[in-house]
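J.: Below, each chain spelled out in residue letters.
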Amino acid sequence: MSWDMLLGAWVATGLTLFILTFLYRDNPLFKLAEHLYVGISVGYTIVKSYDTVLVRLIYEPMVKQGDWTLLFPVAIGLLMLTRYVPKLAWLSRYAFAFVVGVGSGLAIPRVVSSYILKQMEDTLRPLVSMTADGLSILTMANFNTIVILLGVSTVLFYFFFSVEHSGPGRVAARTGIVFLMIAFGAAFGYTVMARMSLLIGRLTDLIEYSDARYDYATLVLLAITIAALAAWSSRAREAES
Amino acid sequence: MLRPLLMLTIVGLLSTQAFAQDLTPPADVNVIDGPNDDGGRLIATWAPSPYDRPDVRYRVLLRTADGEKTVAEFPANTKYVKGAKLSWWTRPAPPTFHYFEIKSGKAGNIEPGKPYTVTIAAVMGEQSVAAPPMTATPSPDWFNWNELNNLVLVLLFGGIVFVSIQTARRKEIFLRRIAGLDAVDEAIGRATELGKPILYLTGAGGMSDPSTLAASVILGRVAKRVASYETDLLVPHRDPIVMSVCQEITKQSYLEAGKPDAFKEDSNFFITDDQFSYTAAVDGIMLRRKPAANFFMGSYYAEALLLTETGASTGAIQIAGTDSDHQLPFFVTTCDYTLIGEELYAASAYLSREPVQVGTLRGQDLGKAFILVVLGAGTLLATVGVIIGAEWPAYILDFFKDLK
Amino acid sequence: MNFLRRQLPLFITFITGVVFALQYYIPHPISETLLTEVSKWLQIVGGFALVLGISSLFHIHFVKIRRHEPGWGYSFVLYAGIVGTLIAAFGYSAAAGAWVNGKETINGVTTAFGWVYSYTMVPLQATMFALLAFFIASAAYRSFRARSPEAALLLVAAVIVMIGRVPLGEYLIPALGGLTEWIMGVLNSSVRRAILIGVSLGTVALSLKIIFGIERSYLGGGRE
Amino acid sequence: MANLAERLLNIDRRIIFAVIGLCALMPLLYPVGLPIRVSDEVRQVYDYIDALPEGSVFLLSMDFDPASKPELYPQALALLRHAFKKNLRVVTMTLWVSGTGMAEEAVSRMAKEAGKENGRDYAFLGWSPGVSAVILNMGQDLYKAFPSDYYGKPTKDLAVLDGVRTLRDVNYVVSLTAGTAGIESWYVYGKDKYRFELGGGCTGVIAPGLYPLLRSGQINGLIGGLRGAAEYETLIGKKERAVAGMDAQSATHFAIVVLVVLCNVLYFGSRLGRREDHR
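So the protein sequences, as listed, match chains H, Y, Z and F. When the letters of the first sequence are read in order and numbered with the numbering used here, they come out as residues 16 to 256. When the letters of the second sequence are read in order and numbered with the numbering used here, they come out as residues 893 to 1296. When the letters of the third sequence are read in order and numbered with the numbering used here, they come out as residues -9 to 214. When the letters of the fourth sequence are read in order and numbered with the numbering used here, they come out as residues 589 to 867.
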C-alpha cells in the first residue's frame, strides 16, 4: 500500500463519517465537510473548464489550426461577463439573446419529433391484432395498448385547465389521478432503491477501509468522530443552560 | 438405402433447374438521387418478383472510377418500400417494391454532383442475372419532406398559442378553479387561529425558471392574505435575485391589503445558495419557530424530502406545488396538498390573470385537446384498418408518425 | 440607445431562433455546416456561462467573510477547498515527472489533483446523497400515511415496486417481479408519456414566445 | 391507545436511522447471495453488445457525477468489461464535468484488466461543456467536438477512431445517466438525427421517466440502478460490487416496507382510538 493511497483512505473515511454526523444533528463537523465539498467541487469545475474550454476548444484550434472564427464565440462569452459591470450590463443581453435564440430554435422541431410525434406514434396502435387464425382481441399486447391509451388520455385530460372537471370530465380526471398516483408510487419505489444503493456504496467503502491494510481507518476515525461529537454536544448543552 | 437418396438429389436438381428458369432480371429498376438528403445517397427501387424467397438474393453493384463493386447482398424477400421508414407522400415507388439506399461506404464514396451507375442483380447459387444498369447523380436538397408533418404541427400549434394570447388580451378566458388554492386559504386561516407564523419556500430555481416565477406569483397571493390577518410570514431564500423580487412582491401585497405598516423588510431573507446548508437552516427554522403552515412552491431536488419530513414532524399543514416530477412522490406522500406539475403554472395564471400566461395555458389546452382527438380517432382508424384489412387509414396515420 | 438595448437583442433572438428551427428541415450541406459551427460556438459560450455561476458563489462567501456573518469561518473552509484544488491541479507532479495541468492521471500515475478528486470529492458528494437513504426511512415511518384513497394507491404501488425490484422479494413472491415490470412498462409509461407530451407542448410554446419576443424575462429586468 | 400510537409515531427519528444503518450493514458483512433475475430491459442492452461484430465502434458516455457513483460506476465497469471482451473499439466520454475523473478511472482500469491499449483499442475523450451542443457537434464532426482526447493527443491520430468521423459511424451508444443531461439529450440531439442505436443505464431516481422512451423504441434497453448493474454483472458472469449489494438492498427495502406498514397501522390505530373517545 503506497502512502498516498493510505492517506486517501483515511481522508475519505473521515469525511464520510463527518457527513454522516448530520444524522445526529447539524454540527460543526458536518458543516466543515460540507463547505469543503462545495469548495472542492467548485475548484474542480474551474480546472476542468480551463482545461477543456480554454485549452482544448479555444487555444489549440485557434493557435495550432488557425481557426480564427472562434473569436466570435469568445466575444459572445465575454459579453456574457459584462453582467458584472453595471454600466455595461446591457451588453450581456446580446450574449443571452444569441444563446437563448439558438437554443429555442434548436429545441422546437426536436422536441416535437422526439416527445410529441414519437410518443403519439407509439400510442396510436390498433386495439386488435390479425394473426394466422384470424382476429384476436384478448392478447396481453392489445390489453396493454388499451391501458396505455387510457392512461395517456386521462392524465392529459387531468391537466386541462380551461374546462371544468364535471360530469364525464370528472370521471376522466379521477381516472387520471389514479394513474398518476400509481406512477408516483412506482417512482417512489425506484427512488428508495436509488438512495439505498448510495448508502450501500458508502458502507462498502467504509467496510473496505476498516481493514488491517488501511490500519483500521474506519474504526479509529469512528471512535474519534463520536468522541468529538459528544464533546461538542455537551459543550453546546452547557452553553444553552 | 441408396435409392431414396438418389431420388432426392434428382428431385433437388430438377427443382433448382425449374427455379433457375424463373430467375429473370429484376424488373422496373429505377435509380434516383436520394430525396430529402444532403446529397450523399442514391435510392434504388425495383418491382417484386415471383422469386422473392430467402434462397434467392439481390446484389447491388456500384460503379465508380475504381471499377464496379458490390455494395450489398440480401435475401430477395427483404427490403421493401413498405418496411422503409417513409410516409406515403415521400415514397419513391409503390409499397410492394424493393427499396435500397446506397450511401458512402467500403464500395466507394457517394458525393453530390457526380454520376454513378448502379446495377441490381438477382443471384441464386452460382447463377446471377442483372437488370440493365441505371445512372443517377445525387444532389443535395433544400427541404426534408419527411419532416413536413413536424413543421405543420409546429406552425399549427404556434398559431393556436398566439391566437389564444391575443384572445386573452381582449376578453376573459375561463380557467377552472384549482382545488389547491382553497387549501392555501385554509392553511393561512389555521395559522392565524394558532397565532403561529407561515413558512413559504420558492424552491431552488433562479428567476428565469418558470416554476420560480409561478412560486413568486403565488407568494403574492399568500402575502396578501397574511397581511389582512396580520400573521407572521417567513420566506427564506437560496438566490439573492429571487429574494429581491419576492421582497417587492410581498411589499406590494401588503400595500394592496391596506396594511403597509405591517410589512417587514426581513420577512424575505437570504440563507445560502448551497443545497444542504440551506436545507439544514430551514429545518432549524421549522423546529424552532414551529410554523403552522409550510408552503413548498417552485422546483426542488433531493432536499425536498429533508424539508417536508421535518415539516411533517412539527405537525404543520403542508402545501406543495412543483414541476420537479422526480420529487413529486415525496411531496404527495408527506404534504397535505400538492399542486402537480402544470397545476403550479395554472394556479399562477389563475391568480395573476396576466393575458400572456392565461393565453398560453389556453393554447396548451387546445394543443392537448388536438392530441387527445388524434389519439382517439387514430386508434379507431388503426383498429378498423386491421379489421377490414384496408390500407387507407395509413394515409391519415402517417401524418402522426415521426419519420426521417 | 433604446434600439441597441432592447430591440436589437430581441431581433437577434428572433433571427437565430427562426434560422435554427428551420435548419432542422433543411438537409442541404450548407445548413449542416451552419449547425456544426454554431454547436461548436455554443460549447465555448457554455464554458463562459460556468464563470457566471462560480463567480456569484465567490461573491456570496466574500460578503459573508467581510461582514463576519454567523458561520463565516466556514466560508474560509470553502475558499481553502477551492485554492487547494487549484494548487493540486496546476502544480508539478514528481511521480509522473510533468506538470499536472488539470489531469487526474498522467501516464497511469495518479496526480495530486486525481487524489483530491478520488479521496475527497467522490466520498463527500456520494455521502451527501447517501444521507437521504436515512431520511426516506424516517419519512416512511412518520409521514407516509394512506390519508386518502389516492395516497393509499401510491403506497400500494410503491410497496409492490420496492419488493418486486429486489431479489428477496422475487424469491418470496415470484409474481411480483413480473408485476413490477408491468407497472413500470405500462402504467408508469402511460403517465410519463402524458406528462412528456404536456411538458413538451409547454416547451414549444415557451420557445416560440421567446423567439417572437413575447417572453423576455431571460434578458433580465434591471434598469437601463 | 390513541396516545400510545401517536407517541410511537413520534419517536426520535435517530432510532429509525439506526435501524436502516444496521439493515444495510449486516448483509454486507454477512452476505446471503440471493439469486438475481435478469429483466428484459437489461438483457436487450447485453444482447445488442453481444451481437456486435468484432471491431464495431461502441461509445460509452458516462454522464454522472460522484453522487451517483454507487449506482452507475458498477454499470460502467460491467459494460466496459463486456465491450473489451467482445474486442469492440471502445470510445468513452462524459457530459458531466465532475464525472471526468471517475470515467477516466473506470476506462483505464478495465482496459488494463483486459490488456487493451489506449489510442488503439480504446479512447477517452474527456468532458466538454454544452451538453446538446457537444452531441450535435459530434454528430457533425467528431474531430471538431473533441480536437484532442483527455490525454491531449489529437483525436485525428487515434487508431481507434479511424473511420469514425461522426456519430453516424458509431454502431452503439450507451449513456449512463444521472439527470437530464444524458439519455434524453443523446436521443433528441443525437440518435434522432444521426441514426445510431442507443441504449441507456440510469439511476433509480430517473428510471421511471425513461420508460416511455424504452417502450417506443427510442432507446433499445435500460439498465436501472444498482439492481440493473447486478443483472448485467450476472449476465457477463463476473459478479462484483453490484451483486454483493443486492442482499443489503433487499434488507433495506423490506425494512422500509415494514416501516410504511407500521406507520399506517399506527395512524389508523390512532384515528380509531380518537373516534372511540368521541363516543
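These aren't lab readings, by the way, just hints derived from the structure by calculation. Be careful, since some hints might not be right.
What the hints assert, rightly or not - Restraint ranges, calculated between C-beta atoms of paired labels, are given here: (1) F:LYS744 to Z:SER207: 20 to 30 Å; (2) Y:LEU1272 to H:ALA90: 19 to 29 Å; (3) F:ASP600 to Z:PHE66: 27 to 37 Å; (4) Z:TRP89 to H:ALA245: 39 to 49 Å; (5) F:LYS744 to Y:THR962: 51 to 61 Å; (6) Y:PRO1152 to Z:PHE66: 53 to 63 Å; (7) H:ALA90 to Z:PHE80: 22 to 32 Å.
Unchecked claim - Derived coverage of chain Z by chain H (criterion: at least 3 residues anywhere in the stretch with Cβ under 8 Å from a Cβ of chain H; other residues may be distant): (8) 63 to 71; (9) 103 to 113.
As the list claims (entries may be wrong) - Here are the simulated lysine-lysine pairs, BS3-like style, with alpha carbons at most 30 Å apart: (10) Y:LYS1293 to Y:LYS974; (11) F:LYS744 to H:LYS79; (12) F:LYS741 to H:LYS79; (13) H:LYS79 to Z:LYS54; (14) Y:LYS961 to Y:LYS1293; (15) F:LYS827 to Y:LYS998.
For clarity, every value in this text was computed on a predicted model and none was experimentally measured. Positions of the beta carbon are idealized from the N, C-alpha and C atoms, including for glycine.
J.: Against the earlier hints, flag every one the structure doesn't satisfy and list their numbers going up.
T.: 1, 2, 5, 6, 13, 14 and 15
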